[in-house]
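Chains as they are written, first to last, in the working numbering: chain Y, 1 to 335; chain V, 336 to 729.
Because the hints were derived from the structure by calculation, they are not lab data.
Quick caveat: nothing in here was measured; it's all calculated off a predicted structure.
Each hint should be verified, as a subset may be incorrect.
Listed next, the in silico DMTMM-like pairs over lysine to aspartate or glutamate satisfying Cα-Cα at most 20 Å (straight line) [to be verified]:
#  : chain 1 : residue 1 : chain 2 : residue 2
1  : Y       : Lys205    : Y       : Glu227
2  : V       : Lys575    : V       : Asp720
3  : Y       : Lys205    : V       : Glu584
4  : V       : Lys575    : V       : Glu725
5  : Y       : Lys333    : Y       : Asp212
6  : Y       : Lys205    : V       : Glu585
7  : Y       : Lys333    : V       : Glu490
8  : Y       : Lys333    : V       : Asp720
9  : V       : Lys359    : V       : Asp411
10 : Y       : Lys333    : V       : Asp592
11 : Y       : Lys51     : Y       : Glu38
12 : V       : Lys575    : V       : Glu547
13 : V       : Lys365    : V       : Glu349
14 : Y       : Lys51     : Y       : Glu227
15 : Y       : Lys273    : Y       : Asp212
Listed next, with one range per pair, are the computed distances between beta-carbon atoms [stated by the list, open to error]:
#  : chain 1 : residue 1 : chain 2 : residue 2 : range
16 : V       : Lys365    : Y       : Tyr309    : 17 to 27 Å
17 : Y       : Thr14     : V       : Arg476    : 44 to 54 Å
18 : V       : Arg587    : Y       : Ala29     : 45 to 55 Å
Quick reminder that beta carbons are idealized off the backbone N, C-alpha and C, glycines included.
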Amino acid sequence: MSAATGTPAPRRMTYREACKQAIRAAILADPRVFLMGEDVARYGGCYAVTKGLAAELGEARIRDTPLSENGYVGAGIGAAIAGMRPIVEIMTVNFSLLALDQIVNSAATIPHMSGGQFAVPLVIRMATGAGLQLAAQHSHSLEGWYAHVPGLKILAPATVEDARHMLQPALDDPNPVLIFEHVMLYNREDELEPSITGVDIVSAKIRRPGRDITLVTHGGMLFKTLEAAAVLHEEGIEAEVIDLRVLRPLDMATILGSVARTRRVVIVDEGWKSGSLSAEVAARIADEAFYELDAPIRRVCSREVPIPYSAHLEKAALPQTPAIVAMARGLVKGG
Amino acid sequence: MTEFRMPSLGADMEAGTLVEWLVKPGDRVKRGSVVAVVETQKGAIEIEIFNDGLVSEIVVPVGGRVPVGTVLARLDGPAITPAQAAPPSLPPPLPAAAPPPAPPPSVPIVPIATAAPSRQPASPAARRLAGERGIDIQRLRGTGAGGAVTVADVEAAAPTVPGGETGRRRAGFDPAAMRQAIAAAMSRSKREIPHYYLSQTVEISGALARLERVNRERLPPDRILPAAFFLRAIALAMAKTPELNGFWEEGRFRPGDSVHIGWAIALRGGGLVAPAIRDADHRSLDELMASMRDLVLRARSAGLRSSELSDPTVTVTSLGDRGAETVLPIIYPPQVAMIGIGRIVTRPWVVNGAIEPRPVVTITLAGDHRASDGHRGGVLLAEIDRLLQEAETL
Numbered sequence: 001m002s003a004a005t006g007t008p009a010p011r012r013m014t015y016r017e018a019c020k021q022a023i024r025a026a027i028l029a030d031p032r033v034f035l036m037g038e039d040v041a042r043y044g045g046c047y048a049v050t051k052g053l054a055a056e057l058g059e060a061r062i063r064d065t066p067l068s069e070n071g072y073v074g075a076g077i078g079a080a081i082a083g084m085r086p087i088v089e090i091m092t093v094n095f096s097l098l099a100l101d102q103i104v105n106s107a108a109t110i111p112h113m114s115g116g117q118f119a120v121p122l123v124i125r126m127a128t129g130a131g132l133q134l135a136a137q138h139s140h141s142l143e144g145w146y147a148h149v150p151g152l153k154i155l156a157p158a159t160v161e162d163a164r165h166m167l168q169p170a171l172d173d174p175n176p177v178l179i180f181e182h183v184m185l186y187n188r189e190d191e192l193e194p195s196i197t198g199v200d201i202v203s204a205k206i207r208r209p210g211r212d213i214t215l216v217t218h219g220g221m222l223f224k225t226l227e228a229a230a231v232l233h234e235e236g237i238e239a240e241v242i243d244l245r246v247l248r249p250l251d252m253a254t255i256l257g258s259v260a261r262t263r264r265v266v267i268v269d270e271g272w273k274s275g276s277l278s279a280e281v282a283a284r285i286a287d288e289a290f291y292e293l294d295a296p297i298r299r300v301c302s303r304e305v306p307i308p309y310s311a312h313l314e315k316a317a318l319p320q321t322p323a324i325v326a327m328a329r330g331l332v333k334g335g
Numbered sequence: 336m337t338e339f340r341m342p343s344l345g346a347d348m349e350a351g352t353l354v355e356w357l358v359k360p361g362d363r364v365k366r367g368s369v370v371a372v373v374e375t376q377k378g379a380i381e382i383e384i385f386n387d388g389l390v391s392e393i394v395v396p397v398g399g400r401v402p403v404g405t406v407l408a409r410l411d412g413p414a415i416t417p418a419q420a421a422p423p424s425l426p427p428p429l430p431a432a433a434p435p436p437a438p439p440p441s442v443p444i445v446p447i448a449t450a451a452p453s454r455q456p457a458s459p460a461a462r463r464l465a466g467e468r469g470i471d472i473q474r475l476r477g478t479g480a481g482g483a484v485t486v487a488d489v490e491a492a493a494p495t496v497p498g499g500e501t502g503r504r505r506a507g508f509d510p511a512a513m514r515q516a517i518a519a520a521m522s523r524s525k526r527e528i529p530h531y532y533l534s535q536t537v538e539i540s541g542a543l544a545r546l547e548r549v550n551r552e553r554l555p556p557d558r559i560l561p562a563a564f565f566l567r568a569i570a571l572a573m574a575k576t577p578e579l580n581g582f583w584e585e586g587r588f589r590p591g592d593s594v595h596i597g598w599a600i601a602l603r604g605g606g607l608v609a610p611a612i613r614d615a616d617h618r619s620l621d622e623l624m625a626s627m628r629d630l631v632l633r634a635r636s637a638g639l640r641s642s643e644l645s646d647p648t649v650t651v652t653s654l655g656d657r658g659a660e661t662v663l664p665i666i667y668p669p670q671v672a673m674i675g676i677g678r679i680v681t682r683p684w685v686v687n688g689a690i691e692p693r694p695v696v697t698i699t700l701a702g703d704h705r706a707s708d709g710h711r712g713g714v715l716l717a718e719i720d721r722l723l724q725e726a727e728t729l
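The following block holds chain Y by itself, in its conformation from the complex (with noise of 0.2 Å):
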């Protein structure tokens, strides 16, 4: 609290520890909410997000599982439809595909084909993501395959903010959500404003206003795209970025209000483009808002290869911000 004003001073803290306050208030505040998965009480998980709270919430809220994600992922929607409100930790989107059945299957599909009478509210969170020297098997980014899916709602927090006040809303969402967490993130670092107690799990937003471009990204890729957009300030390009937040559905009022206004787009997405997110909101630009453009849609993604262990050849695969760069300034100043 400042004295002063009355007002409590914002603070600074990383997007783990945001991730973490929000699973700790979450189950403060609702006997049905708990946290389960691999090495997530006693070893604090894998990238330490619920370090310390086992001991203090109890191994009954912070439960240790098997390394089985076929098996937890379907005990938790087993305990969403049974009126808890779970949250499920899943280590990497990699090794969510083990739990593809539970989740496509499962948990997409119960309430619609028990004809509404069964809601799944579960909450399944994920690292996402390269950048680490994981190589193939733990740095893809595959968000975009679960934004395929109707029945499930998908959410990137990028910010500081939206990795504390998104999860409060999707544990509210009666249909299961997933939560992708980029990787790179987690040790990033920023003001979390008091005043705002929560967020909207339905908007996308401008992170930076600007009348040239639109570069539309999310998750980790922001903050390469907001470099760039600075750098591109330099040259007098001015972007706009837009940070998607919530991958399915996707907010297009706010795409195509930005494109009718800058008339140019780019995508940058850490997928891969082929049968992509990004191909997908192309395709809706192009479909909703062709006659606003005044230059092709572009897209910036990772390139199609696994993910190498190396780092240089990790870096070269992965969208930089030179590239994004390259590929605004080509649309704006022509060539």
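For this one, chain Y is given, so just place chain V on it according to the hints.
The following block gives chain V in isolation, referenced to the frame of chain Y:
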């Protein structure tokens, strides 16, 4: 090395035509020098430069019409890296008509009766705009990605008059183009700005008495008009209400660095411009009057400077002695306020409980409700009123 670019002389300016270079390669220029004359929808404007340096290259020749932001010339500065120094190739001039396209040579496909013209790539938005304006997109040179014609290219092209006649342009001023510019700016204003309006009727017998006394000893060219009086009061009041003096940009208010009053001047032949009287709150009555005369003269002879068009932090319009009693102005974006001065009229006025004929003027304020509230606007008008009552010291 520094690049000197086509400046934006207002929210509605998209492109300009280089009419005259006042410098040549090798000339030394200083910040503030007038280096070129550019023709815009607002007439021919003298363009100032914002850097000191040596002109190394003229990029856009006389007659070139280019979008805002295009490099017009380069100046030599201290540090030149090879990458920066590489001169970009000058775009070829726009041909009067596209050369006949060569038919595609090799692959024999189904023969068609008429040779399909090779298509000039154009963006969807550019095609739509060209269609609306009746411009033949095949005749334009594209500056967009892949050489495509963009919206800016279409906007830079002279509009084709229906019937095939090209639009006649008087040097320096094109009433049709200015009408378009006004239409664009005013439509944007009414679309984006939630206006609120306030008005105040001000009794000005004291001000007029002082004017009459001052002017009695002066020759007509040196006389002070009531408008200068009003402008002085407005400038001083604006300095006290900074919330109304500035710009609404990117969703927030940016205060002006000083009070630069845009003085709306009607042009002969139609249209208007509102060049700035800079630091108006620091100018005496005589100085304001001199600025007004100078601006009117130069606005009507197309001799305005670029900074005068882009600087105003607020605009004032005075309808003069042939105008209406009250004006409800439309804010010129991105400014956040506009003040209107009506005609001076004699009206019944209550003085010490009795009704007397008195000269009054109605001063109105259009405020941008995103940037300020009616209360601040009311404070401004009350302050203008108060200052005009102290006519002897104003």
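Comparing the hints with the structure gives:
Using a Cα cut-off of 20 Å, the hinted pair Lys205/Y and Glu227/Y holds, with the two alpha carbons roughly 17 Å apart. Between Lys575/V and Asp720/V the alpha-carbon distance is near 14 Å, which keeps this suggested pair within the 20 Å criterion. Between Lys205/Y and Glu584/V the CA atoms are separated by roughly 18 Å; this keeps the pair inside 20 Å, and the hint holds. Among the hinted pairs, Lys575/V with Glu725/V is consistent with the structure: their alpha-carbon atoms are about 17 Å apart, no more than 20 Å.
Simply put, Lys333/Y and Asp212/Y have alpha-carbon atoms about 10 Å apart, close enough for the 20 Å limit, and the pair holds. Between Lys205/Y and Glu585/V the CA atoms are separated by roughly 14 Å; this keeps the pair inside 20 Å, and the hint holds. Between the alpha carbons of Lys333/Y and Glu490/V the distance comes to roughly 16 Å, so the proposed pair stays at or under 20 Å and holds. Distance hint between Lys333/Y and Asp720/V is unfulfilled; the C-alpha atoms sit about 51 Å from each other, more than 20 Å.
In summary, the hint linking Lys359/V to Asp411/V is supported, as the alpha carbons are separated by about 13 Å, within the 20 Å threshold. At roughly 32 Å between alpha-carbon atoms, Lys333/Y and Asp592/V are farther apart than 20 Å, so this suggested pair is violated. For the proposed pair Lys51/Y and Glu38/Y, the alpha carbon gap of about 13 Å is at most 20 Å, so the pair holds. A C-alpha spacing of about 29 Å is found between Lys575/V and Glu547/V, which places the hinted pair above 20 Å, so the restraint is violated.
Straight-line distance between C-alpha atoms of Lys365/V and Glu349/V comes to about 26 Å, which puts the hinted pair past the 20 Å bound. Of the supplied pair hints, the one linking Lys51/Y and Glu227/Y is violated, its CA atoms being roughly 31 Å apart against a limit of 20 Å. Of the pairs offered as hints, the one joining Lys273/Y and Asp212/Y is violated, with about 24 Å between alpha carbons and a cut-off of 20 Å exceeded. Under the hint 17 to 27 Å, the C-beta atoms of Lys365/V and Tyr309/Y, about 58 Å apart, miss the expected range.
Taking 44 to 54 Å as the suggested C-beta distance range, the pair Thr14/Y and Arg476/V conforms, at roughly 52 Å. Taking the beta carbon of each, Arg587/V and Ala29/Y are about 35 Å apart, not inside 45 to 55 Å as hinted.
Taken one by one, the earlier hints fail for this structure at numbers 8, 10, 12, 13, 14, 15, 16 and 18, listed in ascending order.
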